[in-house]
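K.L.:
Residues per chain, in single letters:
Number of protein chains: 2
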Amino acid sequence: MLIDQNVKQFVETTASNEPVPGGGSIAALSGALGAALAGMVANLTVGKKKYVEVEAEMAKLAEDAAKLQEKLVALIDRDAVSFDDVMKAFKMPKETDEEKAARTAEIQKGMKYAASVPMETAETAFEIMVLAEAAVERGNTNAVTDGAIAAMMGRTAVLGALLNVRINLGSIKDEAFVAEMTKKCEELEEAVQKREQEVLAKVSL
Amino acid sequence: MLIDQNVKQFVETTASNEPVPGGGSIAALSGALGAALAGMVANLTVGKKKYVEVEAEMAKLAEDAAKLQEKLVALIDRDAVSFDDVMKAFKMPKETDEEKAARTAEIQKGMKYAASVPMETAETAFEIMVLAEAAVERGNTNAVTDGAIAAMMGRTAVLGALLNVRINLGSIKDEAFVAEMTKKCEELEEAVQKREQEVLAKVSL
Chain Z
78 MLIDQNVKQF
88 VETTASNEPV
98 PGGGSIAALS
108 GALGAALAGM
118 VANLTVGKKK
128 YVEVEAEMAK
138 LAEDAAKLQE
148 KLVALIDRDA
158 VSFDDVMKAF
168 KMPKETDEEK
178 AARTAEIQKG
188 MKYAASVPME
198 TAETAFEIMV
208 LAEAAVERGN
218 TNAVTDGAIA
228 AMMGRTAVLG
238 ALLNVRINLG
248 SIKDEAFVAE
258 MTKKCEELEE
268 AVQKREQEVL
278 AKVSL
Chain F
78 MLIDQNVKQF
88 VETTASNEPV
98 PGGGSIAALS
108 GALGAALAGM
118 VANLTVGKKK
128 YVEVEAEMAK
138 LAEDAAKLQE
148 KLVALIDRDA
158 VSFDDVMKAF
168 KMPKETDEEK
178 AARTAEIQKG
188 MKYAASVPME
198 TAETAFEIMV
208 LAEAAVERGN
218 TNAVTDGAIA
228 AMMGRTAVLG
238 ALLNVRINLG
248 SIKDEAFVAE
258 MTKKCEELEE
268 AVQKREQEVL
278 AKVSL
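Residue numbers (the working numbering), protein chains in the order written: chain Z, 78 to 282; chain F, 78 to 282.
Calculated directly from the structure, the hints in this document are not laboratory data. None of the values given here were measured: they were computed from a predicted structure. Be aware that one or more of the hints could be misleading.
When chains are identical, the list treats them as one kind, so a pair holds in a single copy or across two.
[What the hints assert, rightly or not] Within a straight-line C-alpha distance of at most 30 Å, the following computed DSS-like cross-link-like pairs (lysine-lysine) qualify:
# : residue 1 : residue 2
1 : 271       : 260
2 : 165       : 148
3 : 279       : 144
4 : 171       : 271
5 : 250       : 125
6 : 125       : 171
7 : 126       : 165
8 : 250       : 144
9 : 279       : 171
Construct the complete structure from the given sequences, taking the supplied hints into account.
P.N.:
Shown next, in the form of structure tokens:
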């Protein structure tokens with residue numbers, strides 16, 4: 078698995094002309110790191126006298142962040158294999174009309190799946206924004222920049238994953254599916270940009 | 078070293094209340110991943126007939142990206158120890174006036190160093206933007222989203238590192254140093270936002 082590589086190796090494998098990890102896995106990792114930073118701010122807040130009033134909120138924030146982090150870490154590897162079904166489908170026989178139709182159907186099914194994985198990354202990473210905002214507003218002020226960086230990593234995860242959704246939509250013929258996913262892309266893109274600006278505006282240094 | 082941890086562990090250590098890695102290391106990692114993605118686009122372009130006209134440019138781009146990547150990978154761990162001198166200085170004796178003066182001087186020296194490390198991360202990561210732009214404009218079009226994600230990871234690296242510069246500047250008494258670093262922060266922040274928007278505007282999906 079990609080996530081078993083050490084950090085240095087993982088970066089080096091990314092740079093190579095190996096097919097994976099690509100931008101989709103990097104988007105998921107960016108999200109995982111964003112969730113981890115939001116969780117870190119919460120963990121640096123819990124147990125501190127000065128922050129006793131937000132103790133319960135921060136304990137819950139740390140838990141929520143850990144769940145997002147776990148999902149996003151898994152998405153690093155899930156994204157790397159999201160195209161496997163498409164590749165398999167391309168190798169199906171295409172002699173007869175029946176074979177051609179079966180092959181096209183499998184390719185289309187695979188492409189939809191390949192678009193749905195980065196959509197899941199984007200939707201999961203979007204949830205970081207609420208956590209980062211709470212961390213910046215009410216978390217340990219010594220870690221305010223960490224909360225801000227969490228929001229930026231989350232934004233990059235969402236926008237990066239959605240670019241991969243969009244490029245895959247280009248090969249999908251189901252117009253209703255494409256329309257629905259495109260609408261989701263537009264909504265998430267706009268929302269995450271707005272959210273990130275709101276979080277960053279709360280950091281005054 | 079942090080970079081010897083596997084990806085999953087590294088993310089988990091980030092989330093914990095361990096002092097490192099914090100946002101500065103994550104910013105450096107974001108930069109390293111951005112450089113790696115720009116390099117990947119170049120490596121997926123070199124050797125392809127269709128891109129023979131940009132072969133030399135892309136080979137050079139891959140080399141330049143590898144250098145930035147190496148520097149930024151090293152900065153993950155360098156950032157994690159950047160505060161060590163400050164922590165040591167805080168433990169110096171402060172009985173006599175002489176001791177107090179020596180201690181203050183060492184703390185100030187350490188703080189300047191702690192601000193200079195994320196500045197190096199920011200300046201190094203900023204160089205990704207030119208590479209990402211070339212990758213998106215002239216690299217393998219199949220990897221255009223990877224070039225765009227490289228630009229976003231670079232932007233987050235620059236802005237994230239600069240937040241850490243700014244928070245450290247708050248403890249530095251040398252006004253000329255603070256003024257110079259603040260000016261650099263403002264220039265880099267504006268430039269990287271502009272650059273990122275330019276790169277993303279070139280991606281039409």
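K.L.:
Are the hints correct? Go through all of them and say.
P.N.:
How the hints compare with the structure:
{"no.": "1", "hint": "271 <-> 260", "in the structure": "both (17 Å within a copy, 27 Å between copies)"}
{"no.": "2", "hint": "165 <-> 148", "in the structure": "within (26 Å within a copy, 39 Å between copies)"}
{"no.": "3", "hint": "279 <-> 144", "in the structure": "within (25 Å within a copy, 35 Å between copies)"}
{"no.": "4", "hint": "171 <-> 271", "in the structure": "neither (48 Å within a copy, 48 Å between copies)"}
{"no.": "5", "hint": "250 <-> 125", "in the structure": "between (55 Å within a copy, 29 Å between copies)"}
{"no.": "6", "hint": "125 <-> 171", "in the structure": "between (66 Å within a copy, 27 Å between copies)"}
{"no.": "7", "hint": "126 <-> 165", "in the structure": "between (57 Å within a copy, 26 Å between copies)"}
{"no.": "8", "hint": "250 <-> 144", "in the structure": "neither (34 Å within a copy, 42 Å between copies)"}
{"no.": "9", "hint": "279 <-> 171", "in the structure": "neither (58 Å within a copy, 37 Å between copies)"}
Against the hints set out earlier in the document, violations occur for numbers 4, 8 and 9.
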